[in-house]
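Chains as they are written, first to last, in the UniProt record's numbering: chain A, 1 to 101; chain B, 1 to 101.
There could be a bad hint or two in this list.
Derived contacts from chain B toward chain A, CB cut-off under 7 Å, selection only [stated by the list, open to error]:
(1) 58
(2) 61
(3) 66
(4) 67
(5) 68
(6) 69
(7) 71
(8) 72
(9) 73
(10) 76
Keep in mind the hints are simulated off the structure, nothing from the lab.
We treat Cβ as the ideally placed atom computed from N, Cα and C, and that holds for glycine.
There are 2 protein chains.
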Amino acid sequence: MSEVEETLERVKVQPGVEGYVICNRQGQVLRRLPSMSQAQADIYAQKMSGLSKKARGVVRDLNPKNELRYLRIRAKKHEVLVAYDQEFLVIVIQRWTPAQA
Amino acid sequence: MSEVEETLERVKVQPGVEGYVICNRQGQVLRRLPSMSQAQADIYAQKMSGLSKKARGVVRDLNPKNELRYLRIRAKKHEVLVAYDQEFLVIVIQRWTPAQA
Chain A
1 MSEVEETLER VKVQPGVEGY VICNRQGQVL RRLPSMSQAQ ADIYAQKMSG LSKKARGVVR
61 DLNPKNELRY LRIRAKKHEV LVAYDQEFLV IVIQRWTPAQ A
Chain B
1 MSEVEETLER VKVQPGVEGY VICNRQGQVL RRLPSMSQAQ ADIYAQKMSG LSKKARGVVR
61 DLNPKNELRY LRIRAKKHEV LVAYDQEFLV IVIQRWTPAQ A
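Go ahead and model the full structure; you've got the sequences and the hints to work with.
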């Protein structure tokens, strides 16, 4: 898990990060930002592992030799980023603000 | 469609852009990069409108007042970006290269 731990250390200090969750592909939470509740982490893990599974299928449908690496969904004020690894999903929730023009 | 036309003009000249498709939320193609085949455009429109619909549901499940604005999936060497508007989806397919360290 050391590579993932390093990633988390870097993620935690990024401005605007509101939470992170590490889960397996079945959506079971392995780690979460301590200030996140278990229930909250479970919801993000389940929803994002489900969406990632569908996205992975789309990538394969478009090109069977291809593989999903990363998924990003942006809503009005927040973004959820998912790094899709062989075994784990690293999910980061952060505030989103438009780039300065 | 003028705002969308302007967006397309800017998209077309971006380095690495390999295709774009504009479709409605049902996945019907309205515009495509001329060099893309209709069949290719149809596949991207159907797959990405389906995935966007699921992503929109996830955003709503996490926060009923929220709304999906943007979706990005990255595979090994390509990215598909979807701007999710009230009526249209603007889908851009581009090559992806790691940022220079």
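Here is what the structure says about each hint:
1. A least Cβ separation of about 5 Å between residue 58 of chain B and chain A falls short of the 7 Å threshold, and the interface hint therefore holds.
2. With 7 Å as the threshold, the beta carbon of residue 61 of chain B comes within range of chain A, its nearest partner Cβ sitting at about 6 Å, so the hint holds.
3. Interface restraint check for residue 66 of chain B: the shortest CB-CB distance to chain A comes to about 4 Å, inside 7 Å, so the restraint holds.
4. For residue 67 of chain B, the interface hint holds, since its Cβ comes within 7 Å of a Cβ in chain A; the closest pair sits about 6 Å apart.
5. Interface restraint check for residue 68 of chain B: the shortest CB-CB distance to chain A comes to about 6 Å, inside 7 Å, so the restraint holds.
6. Annotation: residue 69 of chain B was flagged as interfacial toward chain A, and the flag holds, the nearest CB pair being 5 Å apart, inside 7 Å.
7. Below 7 Å, beta-carbon pairs count as interface contacts, and residue 71 of chain B has one with chain A at about 5 Å; its hint therefore holds.
8. Proximity of residue 72 of chain B to chain A holds as hinted, the smallest CB-CB distance being about 4 Å (cut-off 7 Å).
9. With a cut of 7 Å, the hint placing residue 73 of chain B at the interface with chain A holds, because the nearest CB-to-CB distance is about 5 Å.
10. Checking residue 76 of chain B against chain A: minimum C-beta separation of about 6 Å stays under 7 Å; hint holds.
The structure agrees with every numbered hint stated previously.
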